[in-house]
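Visitor: Please arrange chain B on chain A, whose structure you already have, making use of the hints.
Letter by letter, the chains look like this.
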Amino acid sequence: MTFVQKYLAWGAGILALLIALVVAMPGGKVRGFDAAGFGNIPILEGGRVKPLDSLARNSLLVIHGSQGFRYEGRGIGPDEWILDVMFRPQVADQQPIFIINDTEVQSLVNTEGKKLGRDNYSFADLSSHLEEIQKQAQTAQPIAPQKRTRFQSAIVNLFDRAYLYYKLRNTLQLAGSPGLGWELQSISDPEASARHQDLMQLAQFRILPPTAAAAPDAWQNVGEGLRVMAAGQGVHPALVPLARLNAAYVANDATSFNQALTDLKGVVATLKPGALSHANNEVIFNRAQPFYVGLSIYFVAFIVLCLSWIWKPELLRPTAYALLFSGAVVHTLGLAARIILQGRPPVTNLYSSAVFVGWGAVILGLIVERMYRKGFGTAVAAAAGFASLLVAQNLGTEGDTMEMMRAVLDSNFWLATHVVTITIGYSGTFLAGAIAIGYAIRKHIVTKVDAETDKALVDMTYGIICFALFFSFVGTVLGGIWADQSWGRFWGWDPKENGALLIVLWNAIILHARWAGYVRERGTMVMAIFGNVITACSWFGVNMLGVGLHSYGFMDKAFYALSLFILSQLVFMAICAAPARFWEQKPHSKA
Amino acid sequence: MIKTLASRTWKFFKSFQLTIVLLACLMALVVLCTLAQVSMGTQGAVNAYMRSFFVWWRTSALPFPLPVFPGGGLVGLLLTLNLIAKTLDIQRSWTKAGMWLVHAGLVILFAGEFVAGMMQVDTNMSIEVGQTVNYVQSYKNLELAVIDTTDPAWDEVYSVPDTLLAKGGAIAIPGTPITLNVKRYYPNAELSNLATGAQPSGATAGIGPGVAIVERPTVTNDNEMNMGSVLVEPIAGGRSYGIWLASMALGAPQSFTHEGHTYSLSMRLRRQYLPYAFTLKQFRHDVYPGTDIPKNFSSLVQVVNPSQKESREVLIYMNQPLRYEGKTFYQASFGKNDTLSVLSVVENPGWILPYVSCVLVSLGLLVHFAIVLRRSLKRRQDKKEG
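Chains as they are written, first to last, in the working numbering: chain A, 40 to 630; chain B, 43 to 428.
Read the hints as simulated data drawn from the structure, not as lab findings. Check the hints yourself; a few may be wrong.
Quick list of in silico lysine-lysine cross-link-like pairs, DSS-like style, CA-CA up to 30 Å [unchecked claim]:
hint, chain 1, residue 1, chain 2, residue 2
1, B, Lys182, B, Lys209
2, B, Lys182, A, Lys413
3, B, Lys182, A, Lys186
In this text, all values refer to a predicted model and were calculated from it rather than measured experimentally.
Only chain A is shown next, with the shape it has when bound in the complex (with noise of 0.2 Å):
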């Protein structure tokens, strides 16, 4: 590698940092108004406190499937979104923001003649149907979701969505009402106290800070802070400059709202001091969407090393070493701010468990590739890692990733020993299928038999299958100790524990079966591949059974995607134990 190809390389990386640091930069203000500052208030949702641009994000994510969207030829962002739905929802009604892809569902919302197979509605759309869709959604509510049909599960999703945003849009201010103003004005009307007991009923989040008097989680919502206002006990300090900057978004005043924003965060400030800089940290975290940046450089790190095989690998292959290490930079930093923010071990549910064993995977994947430079370690961990985020990325569309743990999951100590391990234990299992993959994709493509690199590549496999035995078997073990330690067994048979069993089997098999002789290079590759099948089994499939004391995640749709992952592992495993006259390991003929 000469001087420059080596900057060049470097270069490359630093590159890909510094746009990653671009996008963390907050974005201009939207028609003057300062919607980010809107965005970086707190609020109580959930369980914990949070800024309003993680609950718009979370819910145009839920609702429309990602956190933006095109609307008259501009972007949307969430903080523009959220403030049209509680402030001018006559507004954000007419976004055709929900996707409903179900064509019997279509049917049931489309009765005014509009063309079927259109997919977007708005809830102007929606509103004349919201009790046929209620109608139905109760019905198939109390059925389980395993159990419900197609139409059934879309009826229930479009239902709930529903119904996030009309409580959104009933949280600060009754929707179709003259605003925040107008209920502080007249909060004696004999009709108030009816829409105080709406607003307090309607409400998705919680507002009002609590006040020095309350106790330290008392968060109030708008409805209650008019309440405790209507009962001659004081007005809450933040229900004045919010109500100000309800009328100066409708007016269309910037100034006026600027101000209002300004003095509401001062009242939080005085209120709550810890609330506004944990929002705010919280913000960079959202605005820099480091696993979304981590997954795109690993994509690129990914391509430029496909390339390097065919095109300047002297120059390529560095560099896809330098974008995997600054991707992993990202991803790291990512890890670490979710810790930080949560205040808990990195995993803490299956969305944190993707991305946490992207993460193993990618720093594995880097040693590895110190260790034998050959650019498989890259390969392998820039697919592994974008191929995980990708799963992160599709698990967190269901809501808030940072939700408060259920009780029997509270305790930081075993979340960091049993889960991390186990975790680890995944993402070796992982790596090792992911270089088995590379080894029979291309046992069939290169065509010079190169015995040095297969074993290579059979002993990085050996040693990662070492590797992720012990930490699986240590993980298992450790929950078997958690197990006792709460539930008074060590072992009992529950299907996340047998998943977890599953794992330390299968690798204690692949390295006995070595051993003992009885398999060489192709069976060990092919057992690794298989191992691919058994994590995301025990990963994700036992969640679908819906039994047992760990089932605290069951997803639908998420099966169709698993099943066409083992299909793709076992044909992978077909290609890997092809016998040796389907290579194409012969003298290259130049004909």
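Guide: Frame of chain A; chain B shown alone:
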């Protein structure tokens, strides 16, 4: 001849083939057991696949079940023998010390699961706030309780386990003049009000004559309960008191009087009385603010043990069970608007074994890695020098 047989057996038990076949069998069992839990419930599936020596297949074509696959017990036993043979076979030198420790640890781990499978008893204790309870009850097993309720201050309880009822025949109740003549036992049954023309239950006393009874297949699912029912004829002093129907599906106990003693009959979950009692003083169900996501469940209980002259308060909460007199009480469930707390109770005499195993295996792996590391460092050193 004998020598060759012995050496063949030895060879068989220490072979890698056996290890791999057994590990594969274990994997298959684990997968089957996991899948079966959906329909059979955790306990049912574990008993069928893991805590048995064979997996039995029942078919209507044959009167007896067929063993179709080795069960967890057999596989575990063979694997343990295989492990022991392997451990003994590992070269006795310091370089293999790590592997020795690892395999010895695994033997102990398996032994622990055997002890758990044979001797672990899972029961539970439901207490309402303010109530005092001095027994634990089974999840599934039933008993017919015969209670002498004559003294209002003191109940004398005699119980007949369902296993004994199932055998039928005459059962003398020790300490009383009563003998129970079991007419018929239904492991699971459905009871209904007797419609005109329907087949009566066969009972002649109590509520039984007005009830129709239909036998049902037994259930093993975690959230289903067998409505065990029995037709019994109490005989005392040569006199029959009629045939009574006792059932899990019947609420109130029924009673008869013999020589001034009133005895009540009822089917209930099998109880084990304890020499100590728990009083629930407070139950808490904390949620995260503004949500219904549970944050913590805790039961504040007063433990009163007269034999130890002990009376103290204990807080049982998530991840913090109470270990007392060989039993572990952990917070498992709740009900009745947060006024009822359900503690699961586990008694496992072998609970220490997995800990011992864990220490041995971890130590073994560390030793082994240290040895391997030292060897590779030495090799590298030699390369440099040579």
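Visitor: A separate judgement is required for each hint: does it hold in the structure or not?
Guide: Structure-based check of each hint:
Taking the CA atoms of B/Lys182 and B/Lys209, the gap is near 18 Å; set against the 30 Å cutoff, the hint holds. Distance hint between B/Lys182 and A/Lys413 is unfulfilled; the C-alpha atoms sit about 60 Å from each other, more than 30 Å. Restraint check for B/Lys182 and A/Lys186: the C-alpha separation of about 27 Å stays at or below 30 Å, so the hint holds.
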